[in-house]
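Keeping the supplied structure of chain B fixed, place chain D upon it in accordance with the hints.
Protein chains: 2
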Amino acid sequence: MEKKIPYKIYLEESELPRQWYNVRADMKNKPAPLLNPATLKPITFDELRQVFCDELARQELNDTDAYIDIPKEIRDFYKMYRPSPLVRAYCLEKELDTPAKIYYKFEGNNTSGSHKLNSAIAQAYYAKQQGLTGVTTETGAGQWGTALAMACAYFHLDCKVYMVKVSYEQKPFRREVMRTYGASVTPSPSNTTNVGRKILAEHPGTTGSLGCAISEAVEVAAADPNYRYVLGSVLSQVLLHQSVIGLETKAAMDKYDIQPDIIIGCAGGGSNLGGLISPFVGEMLRGEKQYQIIAVEPASCPSLTRGRFVYDFCDTGKVCPLSKMYTLGCDFIPSANHAGGLRYHGMSSVVSQLYADGYLEARSVEQTSVFAAAEQFARIEGILPAPESSHAIRVAIDEALKCKETGEEKTIVFGLTGTGYFDMVAYEKYNNGEMTDYIPTDEELEASFAKFPKVD
Amino acid sequence: MEKKIPYKIYLEESELPRQWYNVRADMKNKPAPLLNPATLKPITFDELRQVFCDELARQELNDTDAYIDIPKEIRDFYKMYRPSPLVRAYCLEKELDTPAKIYYKFEGNNTSGSHKLNSAIAQAYYAKQQGLTGVTTETGAGQWGTALAMACAYFHLDCKVYMVKVSYEQKPFRREVMRTYGASVTPSPSNTTNVGRKILAEHPGTTGSLGCAISEAVEVAAADPNYRYVLGSVLSQVLLHQSVIGLETKAAMDKYDIQPDIIIGCAGGGSNLGGLISPFVGEMLRGEKQYQIIAVEPASCPSLTRGRFVYDFCDTGKVCPLSKMYTLGCDFIPSANHAGGLRYHGMSSVVSQLYADGYLEARSVEQTSVFAAAEQFARIEGILPAPESSHAIRVAIDEALKCKETGEEKTIVFGLTGTGYFDMVAYEKYNNGEMTDYIPTDEELEASFAKFPKVD
Numbered sequence: 001m002e003k004k005i006p007y008k009i010y011l012e013e014s015e016l017p018r019q020w021y022n023v024r025a026d027m028k029n030k031p032a033p034l035l036n037p038a039t040l041k042p043i044t045f046d047e048l049r050q051v052f053c054d055e056l057a058r059q060e061l062n063d064t065d066a067y068i069d070i071p072k073e074i075r076d077f078y079k080m081y082r083p084s085p086l087v088r089a090y091c092l093e094k095e096l097d098t099p100a101k102i103y104y105k106f107e108g109n110n111t112s113g114s115h116k117l118n119s120a121i122a123q124a125y126y127a128k129q130q131g132l133t134g135v136t137t138e139t140g141a142g143q144w145g146t147a148l149a150m151a152c153a154y155f156h157l158d159c160k161v162y163m164v165k166v167s168y169e170q171k172p173f174r175r176e177v178m179r180t181y182g183a184s185v186t187p188s189p190s191n192t193t194n195v196g197r198k199i200l201a202e203h204p205g206t207t208g209s210l211g212c213a214i215s216e217a218v219e220v221a222a223a224d225p226n227y228r229y230v231l232g233s234v235l236s237q238v239l240l241h242q243s244v245i246g247l248e249t250k251a252a253m254d255k256y257d258i259q260p261d262i263i264i265g266c267a268g269g270g271s272n273l274g275g276l277i278s279p280f281v282g283e284m285l286r287g288e289k290q291y292q293i294i295a296v297e298p299a300s301c302p303s304l305t306r307g308r309f310v311y312d313f314c315d316t317g318k319v320c321p322l323s324k325m326y327t328l329g330c331d332f333i334p335s336a337n338h339a340g341g342l343r344y345h346g347m348s349s350v351v352s353q354l355y356a357d358g359y360l361e362a363r364s365v366e367q368t369s370v371f372a373a374a375e376q377f378a379r380i381e382g383i384l385p386a387p388e389s390s391h392a393i394r395v396a397i398d399e400a401l402k403c404k405e406t407g408e409e410k411t412i413v414f415g416l417t418g419t420g421y422f423d424m425v426a427y428e429k430y431n432n433g434e435m436t437d438y439i440p441t442d443e444e445l446e447a448s449f450a451k452f453p454k455v456d
Numbered sequence: 001m002e003k004k005i006p007y008k009i010y011l012e013e014s015e016l017p018r019q020w021y022n023v024r025a026d027m028k029n030k031p032a033p034l035l036n037p038a039t040l041k042p043i044t045f046d047e048l049r050q051v052f053c054d055e056l057a058r059q060e061l062n063d064t065d066a067y068i069d070i071p072k073e074i075r076d077f078y079k080m081y082r083p084s085p086l087v088r089a090y091c092l093e094k095e096l097d098t099p100a101k102i103y104y105k106f107e108g109n110n111t112s113g114s115h116k117l118n119s120a121i122a123q124a125y126y127a128k129q130q131g132l133t134g135v136t137t138e139t140g141a142g143q144w145g146t147a148l149a150m151a152c153a154y155f156h157l158d159c160k161v162y163m164v165k166v167s168y169e170q171k172p173f174r175r176e177v178m179r180t181y182g183a184s185v186t187p188s189p190s191n192t193t194n195v196g197r198k199i200l201a202e203h204p205g206t207t208g209s210l211g212c213a214i215s216e217a218v219e220v221a222a223a224d225p226n227y228r229y230v231l232g233s234v235l236s237q238v239l240l241h242q243s244v245i246g247l248e249t250k251a252a253m254d255k256y257d258i259q260p261d262i263i264i265g266c267a268g269g270g271s272n273l274g275g276l277i278s279p280f281v282g283e284m285l286r287g288e289k290q291y292q293i294i295a296v297e298p299a300s301c302p303s304l305t306r307g308r309f310v311y312d313f314c315d316t317g318k319v320c321p322l323s324k325m326y327t328l329g330c331d332f333i334p335s336a337n338h339a340g341g342l343r344y345h346g347m348s349s350v351v352s353q354l355y356a357d358g359y360l361e362a363r364s365v366e367q368t369s370v371f372a373a374a375e376q377f378a379r380i381e382g383i384l385p386a387p388e389s390s391h392a393i394r395v396a397i398d399e400a401l402k403c404k405e406t407g408e409e410k411t412i413v414f415g416l417t418g419t420g421y422f423d424m425v426a427y428e429k430y431n432n433g434e435m436t437d438y439i440p441t442d443e444e445l446e447a448s449f450a451k452f453p454k455v456d
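As they're listed, the protein sequences go chains B and D. Quick note: the first sequence uses this note's numbering, first residue 1, plus one each step. Quick note: the second sequence uses this note's numbering, first residue 1, plus one each step.
Just so you know, the hints here were simulated from the structure itself, not pulled from any lab data. Hints may contain errors.
[Unchecked claim] Computed list of lysine-lysine pairs in BS3-like fashion (alpha-carbon distance at most 30 Å, straight line):
(1) B/K79 / D/K255
(2) D/K72 / B/K8
(3) D/K8 / B/K101
(4) D/K410 / B/K79
(5) B/K8 / D/K79
(6) D/K404 / B/K72
(7) D/K410 / B/K72
(8) D/K79 / B/K410
(9) B/K402 / D/K79
(10) B/K4 / D/K255
[To be verified] Simulated DEER-style distance windows between Cβ atoms:
(11) B/T192 / D/E408: 44 to 50 Å
(12) B/S369 / D/A223: 36 to 42 Å
(13) D/G407 / B/D63: 51 to 57 Å
(14) B/D437 / D/A66: 54 to 60 Å
(15) D/K4 / B/E409: 38 to 44 Å
(16) B/D63 / D/E408: 50 to 56 Å
(17) D/E283 / B/S14: 28 to 34 Å
This one's a predicted model, so the numbers in the text were calculated from it and none came from an experiment. Cβ atoms here follow ideal geometry from the backbone N, Cα and C, with glycine treated the same way.
Bound-form chain B, shown alone (with noise of 0.2 Å):
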């Protein structure tokens, strides 16, 4: 007899993952070595610690070990807001009339707003354990430093945001949670770093770049050995972290016998979206199951789609390490898209390579449908969704429909990442009829891959 299943599934405290999944450990085509920026050979452990504390320096570069421990006073921490919910979409399946069955992994119900805090409380830890002073990290719309203000907070560590200008300017509101939390916030680029001066010098009047405020945090942090620099997407470290979304995930699935057949998560760096489908694809990478995954990303920022998979610099002040991965450029700037966390110009090398691979496929949506569906989802489920999230729930909308018209009862379980309560702005252009969409000319993407850096 099938379970009952509940509007909401909590793992119980004992069932909480007490390790993290490492994916490339299941790789056979593992992700291509991180580069030295400067000498462009495959990046060392000696190089990557003085960036990184030595812990995620080592988990960085580690592709064997598939479980990876997690320590309790991180594992304490997730306890203040994990487990995640598992939920069953029993209302919008009931809206859609669809034959499907809708899950949806929530991971906006902390104060961050969104999964950052998962990666954000380990990179803190390592570093306190490590005896440092504190971290510097750079933030755009805001949630990552959000994160990372909150980890740091509990952990009793400097934490010094810089904040993309325009952003600090506009968005007040994400700017005073850290605040609240205790980081110092500085607007880039600034005149607290040599970089900021520099490019303040040359740009009076610049409201600054994430490349820009990466580079000034870099420089904070190589500049003081007490501190380090620390990063929320993109990296395998980041990756690993997040795999506890999709373990929480699949221990709630499995207790229920729930067989998912379609995964879908947003994609811009990748952390999320590698985070959920992890165990699922180490299950695929064993041989032992098949599921259909699927990367949603904006069309104004398509890198899976669109993009080359080649060597490309990380941040667009060269400053950090290169990674083979679907790119469309560092230099490539998108269109104004109001999921400012999925405006990346790359993608993770283990997402890249498992795409690759042909273990996922990948699909690029426009903001206006986006909306529609986000919208959709707010009034039926309660939720209001991240603009970033919400592209997940524009595919999974998309194929319960088109269950609806076949009649197949698939399982879909979608990433709802965050809650969209500091997006409003995007929503009020959304509720006005003023946005518009924006898909990058073939000429424009070649313009930006004719730049990418020389490789061997």
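What follows is chain D alone, placed relative to chain B:
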């Protein structure tokens, strides 16, 4: 052997309350009846049903049935965001180094950001069931309006919100959340009503008031037989719906054999406090148990600690019924206090009667000390609390610190009614050291008391 208490206690779906608890049934001294503002006689069912849905009018007048069934449709909606967790504040306990055990019932994990949804969904359901087209209401800061918009979207019911103009303009995010849920939001005063046009003519530059917004919402509802007016606090029907908070809290504590000593809630109109304490007060009323119950209010709007227990108007516009309650006078305008939800001049008649009869005590606290508690809590427990809720946090911390001095291992539970994500302007003021306190003088209060309506 004592059971191991997890960080978060979630009831199973099957353990959710199937009935609300009506504390009035167990009160020997019943709350005094509402009076018709025109006749100053107790209001009748036939009079009330012109303003409220029939079933809600019945619930408002029902002080004899201890349990009232929660309709299945409302329970289904509750399942999307309930049970809310009862959290053991292990990290806060450790930070305070207190022998006290601290718990909080967290009602902020839904898009309305507060407990308001518990009553909004009930009021929308009864309106739908009666075949109405829609409902009208007023909102200040926007928590109640958001909750009602969500509830109406779910039942495909029209929702017309009159939002105090200054909030409409200065808090556009809440406004956009309501619009995303399909509500029409009108800045008040507006030219859509007689009362609005009159006020605009007399005070062209006015930024509005809650009293004016109530008057507009009532006028619009009264003009169309397919609409009713709904209200998010103060009323006994609202306390009834909010009893779901206390029932879940008690069930979760009973499940783990936890015996609270002190129960703390913030008090504005009294709905969250009344809901949280109802089942516990029920035990006191029936002589079964004894608890210390503390209502916390802002020093700037101290209705319980410094108000009078008299008949007064529920609204500044004096169009609503009179209620016997602790009140500062319906014309009392509290100084700027960022806890918008606690700026009401009066108090629920149920809470007022219980207070008069000695079942609870009251404390007033100043807002800078409230924000200090909010920040301390956020940094260690992760959740950024609403200013309203932080009043309860302040007193919970104070009580835990008393235990540290005396060595008593008291069990403290408080209501964490919501999140502060839309209150960052207030946090910014606090972060910048620009927040001030204000306590009304005795002369100010006496001047306000002099205007109480003459009843009997």
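task: Using the Cβ atoms, figure out if B/S369 sits within 36 to 42 Å of D/A223.
output: holds (39 Å)
message: Please verify whether B/K4 and D/K255 have alpha carbons no more than 30 Å apart.
response: holds (22 Å)
message: Hint check: D/K410 vs B/K72, CA-CA at most 30 Å. Holds or violated?
response: With a Cα-Cα distance of about 28 Å, the restraint between D/K410 and B/K72 holds, given a limit of 30 Å.
message: Given the hinted pair D/K410 and B/K79, is their Cα-Cα distance within 30 Å?
response: Judged against 30 Å, a Cα distance of about 23 Å means the pair holds.
task: For D/E283 and B/S14, compare the CB-CB distance with the range 28 to 34 Å and indicate the outcome.
output: With Cβ atoms ~32 Å apart, the hint holds.
30 Å limit on alpha-carbon distance, applied to hinted pair D/K8 and B/K101: holds (28 Å)
- prompt: Regarding D/K4 and B/E409, is the given constraint of 38 to 44 Å on their beta-carbon distance met?
  reply: Since D/K4 and B/E409 have Cβ atoms about 40 Å apart, the given range 38 to 44 Å holds.
- request: For D/G407 and B/D63, compare the CB-CB distance with the range 51 to 57 Å and indicate the outcome.
  value: The hinted range 51 to 57 Å holds for D/G407 and B/D63, with Cβ atoms some 53 Å apart.
Pair hint B/K402 and D/K79, alpha-carbon separation not exceeding 30 Å: Holds. B/K402 to D/K79 sits at ~27 Å (cutoff 30 Å).
- prompt: Going straight from one Cα to the other, do D/K404 and B/K72 come out at no more than 30 Å?
  reply: holds (27 Å)
query: Given the proposed pairing of D/K72 with B/K8, does the C-alpha separation stay at or below 30 Å?
result: holds (17 Å)
- request: Verify the proposed pairing of B/K8 with D/K79, using a straight-line Cα cut of 30 Å.
  value: holds (8 Å)
Checked against the numbered hints given earlier, the structure satisfies every one of them.
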